[in-house]
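Using the hints, position chain B against chain A.
Protein sequences appear in the order of chains A and B.
Under my numbering, the residue at position 152 of the first sequence is numbered 154, and the numbers go up by one with no gaps.
Under my numbering, the residue at position 59 of the second sequence is numbered 64, and the numbers go up by one with no gaps.
Hints are not guaranteed to be accurate.
Listed below are several chain A residues computed to face chain B (Cβ distance under 8 Å; list not exhaustive) [to be verified]: (1) L53; (2) H123; (3) C205; (4) N208.
Now the stretches of chain A that chain B is said to cover, found in silico as 3 or more residues with beta-carbon under 8 Å [stated by the list, open to error]: (5) 30-39; (6) 127-137; (7) 172-180; (8) 191-198.
Everything labelled a hint here was simulated from the structure, so no lab data went into it.
A quick note: this is a predicted structure, and the numbers were derived from the prediction, not measured.
Glycine included, C-beta positions come from ideal geometry on N, C-alpha and C.
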Amino acid sequence: MTDSTPDIRSSAGILPEPEQAGTALQDARFLAELRQQMLKFARLQLRDEHLAEDAVQEALAGALKNADSFRRQSALRTWVFSILKFKITDILRYRQKVIATSELGDDAQREEAFSEALFNHAGHWHKAERPSSWAGPQGGVHSDHFWRVFDACLNGLPEKQARVFMMREFIELESDEICDQLSLSTSNLHVILYRARLRLRECLENGWFEPADNPGGSS
Amino acid sequence: MMNCKQATRLLSERMERELSPREKFGLRVHLMMCRGCRNFGRQMGTLRDLAKAYAKSDTGHQPPDPVDGSASRGGENEDR
Chain A
3 MTDSTPDIRS SAGILPEPEQ AGTALQDARF LAELRQQMLK FARLQLRDEH LAEDAVQEAL
63 AGALKNADSF RRQSALRTWV FSILKFKITD ILRYRQKVIA TSELGDDAQR EEAFSEALFN
123 HAGHWHKAER PSSWAGPQGG VHSDHFWRVF DACLNGLPEK QARVFMMREF IELESDEICD
183 QLSLSTSNLH VILYRARLRL RECLENGWFE PADNPGGSS
Chain B
6 MMNCKQATRL LSERMERELS PREKFGLRVH LMMCRGCRNF GRQMGTLRDL AKAYAKSDTG
66 HQPPDPVDGS ASRGGENEDR
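One chain only, chain A, in its complex shape (with noise of 0.2 Å):
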């Protein structure tokens, strides 16, 4: 991975000079690291390898080209994926399977249902969904059969969630890099965080983690 440099500009042909290259970009771990942030993201938004494969490159390619304007990584980092998100959206678009659109328009209803299947209409927990003191089964969090746990978990978190979910917590945006990027205000950001978080926690719950504590509370 820390060869993906000269990779890209020999496939690409289109990065300066070394020496005025972004430092941040010089730093190959920050880019090994960086590439593969991108890919997971990419690949879940595609759902597609290849076509992840590709988005991925083209993004820091393009990013190549500027890197000279980037003396921090973490603008870089911000900027890269704004490419990123571009690409995605077009080839998405170009499947015809657009989520663009609609992606940031809230479904209402379907939170709301989740919300009831959660909550009772005191706002309490319904006893069966109360959260348990999270201990799991036997090799705890460190087994593949965890990360596929994790994985199916986040493929199936709705197209907004997921999204805004990763640019957070895997990429680890701020939030108001967020907020511009996607438009969103901070209010909007912390209610899709919240929903993301209520239904991955849910998931891992309900597919991982056996309740440690007695739900009647009298163990």
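For chain B alone, kept in the frame of chain A given last:
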């Protein structure tokens, strides 16, 4: 009086911003009585750690820094 829906919302928002003193107080009072929400609060931190480990792993199945899924588990009191 805060309910679980409001408390969980704040427990998520706490990951994004500093809560106001009023919100903190309301949340603390709720958490004293509600084990479900206490667990939820801890899970928010675990979820962040898991996401970080997942994103940095090569395949999505092998985190470089194993995280402890149990997070910090304090003594559990009575249910609400």
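Right, here's what the structure says about each hint:
1. L53: violated, 17 Å
2. H123: Result: violated, 10 Å to nearest chain B Cβ.
3. C205: Violated, because the Cβ-Cβ distance from C205/A to chain B comes to roughly 11 Å (cut-off 8 Å).
4. N208: violated, 13 Å
5. 30-39: Held - the segment 30-39 of chain A has 3 residues with a Cβ nearer than 8 Å to chain B, which meets the minimum of three.
6. 127-137: holds (count 7)
7. 172-180: The restraint on the segment 172-180 of chain A holds, since 4 of its residues have a Cβ under 8 Å from chain B and three suffice.
8. 191-198: holds (count 4)
The structure does not agree with the numbered hints 1, 2, 3 and 4 stated previously, though it agrees with the rest.
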